[in-house]
Amino acid sequence: MTSTGRSEGIGTAERSARRILVIDSALLIVIVLAVHVTFLFKGGQGQFPLWSLMIAWLAAFVTIVAGVIARRVSDLTLRLLALTAVALYWMTLATFPAAVPAQGIERIPWTLSATGAAAAAALVAGGRTLAWATVIAGTTAGMVFRTLYGGLDLDGVVNDLQALLTGALICVIGGHMLAVGRGLDGEAAAAAASASRESAESGRLAARTKAATLVHDEVLATLVLASTDLPIPRERLAAQARAAVSTVTSLADGQAHEPVVLRAALAEEARLHCVSFSVRGESGPASGATFAETHEALIGAMRQALRNSIQHAPDAARSVVLIHTDSEIRVEISDNGPGFDPDRINDDRLGIRQSIIGRMNRLPGGSAEIDSAPGRGTVIRLRVAVAPEREIGLPDNRVSLRVGVTVLGYIYVITQAACALLSAIAVPGSWPLQLAMLATALGAAEILRAAPHRVPSLGRTAVVVSLAGGGLIAGVIASHALYGMAFSYGTMWFAVGAAFLLVSLALRGRSGVALAGTAVIVAVLVTAGVLGGAPAVQIVQVGVRPVVLVGLAVALLLVVDRMQRRITLLHREALVSAQKQSWTLAARSELTGRVAELARTVIPLLRRIGRGTEPTDAERSEYASCEGDLRDGLRAGSLARDPLRTVVAAARERGVDVLLLDDHDGFVDEAVMAPILAWMADAIGAAETRVVGRLLPAGRPAQASLTVDGTQTEFTGARVTAAQAQPLRPQPAGSGPARAETVSFPS
Amino acid sequence: MRATTRVAIVDDHELVALAVQNLVDEADGLVFARHATSVAGLVRRMRDADLVLLDLILRDGTDPAENVRLIRDWGADVLVLTSGEDPFLVRNASRAEVLGIVRKSTPRQALVEAVQTAARGELVPTTEWASALDTDPLLAAAPLTFREREVLSLYASGLGARGVAERLFISENTVNDHLRRIRSLYHRLGRSAATKVELYQRGIEDGYVQAPGRD
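Sequence order for the protein chains is A and B. Under our numbering, the letters of the first sequence match residues 1 to 747, in that order. Under our numbering, the letters of the second sequence match residues 1 to 215, in that order.
Derived from the structure by calculation, the hints contain no laboratory data. Certain hints may be false.
Claimed, not checked - A few chain B residues that face chain A, going by a derived Cβ cut-off under 10 Å, partial list only: (1) A36; (2) D63; (3) S131; (4) G163; (5) R180; (6) R183; (7) S184.
As the list claims (entries may be wrong) - For each label pair, taking beta carbons as the anchor points, the in silico distance ranges come out as: (8) B/D73 x A/G612: 37 to 43 Å; (9) B/R162 x A/A267: 54 to 60 Å; (10) B/G41 x A/P701: 47 to 53 Å.
Values in this document were obtained by computation on a predicted structure and should not be read as measured data. The beta carbon of each residue, even a glycine, is placed where N, CA and C say it ideally should be.
Construct all of the structure, not just a fragment, from the sequences and the given hints.
And the structure:
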């Protein structure tokens with residue numbers, strides 16, 4: 001898989017969230033259908049025209065199909081299906097007045113109470129706005145149609161109100177899920193981009209270091225020897241020059257391979273020291289891709305440990321083990337030699353302190369541990385933490401969730417108050433019960449809201465659960481015993497209220513308690529229904545909504561949680577592969593560039609030396625000049641530029657020893673640099689034996705200093721104004737204001 | 001004082017050793033002892049040299065500071081030879097007990113003088129050495145006097161001891177005293193706070209390696 005950039009649109013996590021919502025929508029439809037099948041058998045649905053039933057069934061069908069194939073289709077297809085389902089739902093709402101039979105209806109058909117399912121589909125099709133609009137439209141339409149065409153009873157209105165609550169809940173949790181997905185994708189893309197950049201930088205750095213070391217080792221040594229008039233066997237120098245050429249030309253092919261597998265590199269190192277090597281554990285995606293830094297540190301430290309062991313315990317048996325665990329890579333180097341007291345390794349054991357402990361500590365997440373005592377052998381453990389330093393941060397979606405929960409809270413208060421009011425009107429004289437139920441529900445909600453932490457304390461949770469459960473039991477008993485109310489959806493309105501309290505608990509991290517509480521609620525309702533002699537259909541109808549509410553919330557939250565973990569893992573793999581790729585590319589291009597440069601400048605000279613002919617004086621100077629230029633590439637930094645570079649090359653060819661040092665640790669403004677370069681170039685033209693040009697560290701009184709044949713001058717140009725600047729002698733054009741303080745001494 | 005000083009060289013380029021042998025044999029008071037391609041190879045045998053010219057970068061990947069320590073334990077003085085002027089490695093070696101750090105491409109006469117000075121057991125301060133120390137952030141926090149910093153900075157700009165002395169109106173001996181004190185202070189710094197030192201080195205090393213890309 002590839003890393004998902006923002007430019008590519010939707011990311012893995014968001015796509016996954018949408019699929020889950022579509023499946024969820026389909027499940028809700030199935031539940032609604034199952035409940036309403038009971039009514040179909042009772043024949044309460046009959047008189048609608050065929051076309052109207054077709055639209056409703058088509059909406060359900062599309063939703064269910066979308067849910068079934070969600071995991072196999074593209075995101076676009078999924079959204080189109082969801083859009084179709086939502087459109088059909090809206091069409092059902094819109095065409096309802098036309099479809100209503102002349103004699104009116106007893107009940108509102110099932111399709112209209114599937115607001116929750118429609119909301120989930122709407123979230124996928126058009127985001128939160130469409131989802132809220134759908135919920136509000138569904139509820140409003142339900143109320144209006146009841147008023148106009150019949151079915152305006154306590155059960156119906158309470159059902160609509162509770163459907164509004166369910167729809168709102170889906171909007172909030174589903175919206176949260178989408179936001180989490182989107183956030184994860186964004187984070188991952190940003191992490192991958194920055195990891196690639198960093199990795200490319202480290203690849204370039206490694207390549208450059210490698211090139212620099214080789215240049216040092218082979219090329220500079222050869223050039224220095226070729227430029228001297230010391231009696232050196234000509235043919236051997238020629239052989240060395242040819243070897244240097246092949247080193248440089250093979251630089252790009254040989255060195256820029258992607259980081260070797262750690263295990264192979266360690267095995268090779270162990271083999272070189274004739275030590276047995278074994279591996280335990282499997283390398284995971286993160287530990288499989290360790291980079292040059294880690295490799296070099298581990299291998300360097302291991303080499304030092306083996307050397308120490310061989311030096312101090314020449315006769316001991318030695319072994320090296322590479323151990324992969326979930327959290328770290330560990331290399332253990334052990335011997336059964338005489339051992340030593342690790343507390344007593346002072347400066348005299350620099351090898352251990354610097355080359356093993358120091359080297360490992362320098363590595364991010366690295367450490368070394370020495371386990372030894374006189375007579376007990378020695379184990380040296382080198383550890384590198386695997387948990388990548390760049391954990392993909394889980395985006396903070398709490399804010400969006402909090403806003404949603406607040407809205408949900410208002411809807412809760414309003415719907416429950418409305419339910420209580422309607423019940424008090426419908427059953428005259430029952431107002432004390434309704435008021436008590438409302439007070440219990442709102443009180444418990446307030447207790448939960450006021451919890452100081454996101455996850456409420458156990459005590460607070462217990463209070464909320466007992467208020468929800470106890471209130472329900474008391475309410476059920478009172479309604480039956482005191483008021484003789486029939487067991488129905490409307491009279492049991494507070495059951496959904498209680499269930500909703502449990503949903504809030506689940507939202508705040510108490511899913512287990514919420515599920516247990518739901519079981520209690522269902523048990524109470526079933527018992528009450530059976531004892532009250534209510535028909536089974538009625539009991540199912542009343543019992544299903546609490547289960548759906550809490551079950552849905554818990555399931556979605558679980559899914560969000562799992563999604564975060566799974567997607568994070570996926571993204572991490574993508575990140576590692578992106579890192580690897582950019583490391584290799586960067587290292588290769590850097591080396592290719594460096595080799596091309598060397599091929600232009602150095603290789604012709606090396607080839608000439610390789611022919612083994614006696615150099616002329618001019619050629620010797622040329623070698624000296626080229627050697628100096630290469631050194632400048634390493635040390636002269638900002639000074640290795642024209643116009644200075646040309647002048648310095650000429651001076652070196654005249655036999656002047658030129659040393660350029662960039663000691664300014666950082667970027668120097670071009671406006672400061674240009675006059676310094678011109679100033680140095682001007683003075684070096686007349687040099688005879690030795691020149692040292694130095695860019696001074698920041699914070700010194702002067703910016704640069706130049707010593708020509710024992711005469712030192714300093715450059716303080718940037719601190720004087722143009723009016724003050726009086727060039728000591730005519731300056732070349734473009735040198736800008738500069739003042740050089742000259743103090744000369746006989747050299 | 002020894003009449004003649006035995007000089008050994010550790011360098012993985014045989015030709016460099018050959019060139020140095022030429023220089024040493026022609027110079028007064030010096031005699032060439034041996035060439036080894038690694039420090040381990042040198043110190044394995046009985047000590048047969050008083051001064052070792054040590055290549056800063058050896059291809060076996062050994063640490064310069066560790067190499068210096070081994071040679072000091074063996075009983076010889078160390079003068080480091082470098083190809084370039086990588087300040088990170090120069091500092092690393094400077095913190096160990098070396099007499100000086102000299103560039104291989106130094107003009108012949110100056111190179112011979114440097115080896116002779118080292119043969120007398122005296123400090124061989126060079127511009128490269130002074131510049132590497134002058135810019136070491138560790139030294140910025142060290143208890144150096146103003147005069148010492150002045151001497152170091154001027155020395156790093158390419159002036160010799162005489163030039164610095166005349167510039168500051170002090171004697172050449174005083175300049176050398178200052179340099180010796182800076183050197184011994186630097187050695188002490190190298191021994192303490194190993195991990196902190198390494199951290200600094202790391203950053204500086206990276207900074208150094210990135211420098212060629214600036215233009």
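Hints, one by one, checked against the model:
1. Checking B/A36 against chain A: minimum C-beta separation of about 16 Å lies over 10 Å; hint violated.
2. A distance limit of 10 Å between C-beta atoms decides the matter here; for B/D63 the minimum to chain A is near 6 Å, and the interface restraint holds.
3. Interface restraint check: B/S131 against chain A, minimum CB-CB distance 5 Å, threshold 10 Å, status holds.
4. The criterion of a C-beta within 10 Å of any C-beta in chain A is met by B/G163, whose closest approach is roughly 5 Å, and the hint holds.
5. Using the Cβ-Cβ criterion of 10 Å, the hint placing B/R180 at the interface with chain A is not satisfied: the shortest such distance is roughly 21 Å.
6. Taken as an interface hint, B/R183 does not check out: its beta carbon lies about 18 Å from the nearest beta carbon of chain A, beyond 10 Å.
7. For B/S184, the interface hint is violated, the least distance from its beta-carbon to any beta-carbon of chain A being 15 Å, above 10 Å.
8. Taking the beta carbon of each, B/D73 and A/G612 are about 42 Å apart, inside 37 to 43 Å as hinted.
9. Our hint of 54 to 60 Å for B/R162 and A/A267 holds, since their Cβ atoms are close to 58 Å apart.
10. Here the CB-CB span from B/G41 to A/P701 is close to 49 Å, well matched to the stated 47 to 53 Å.
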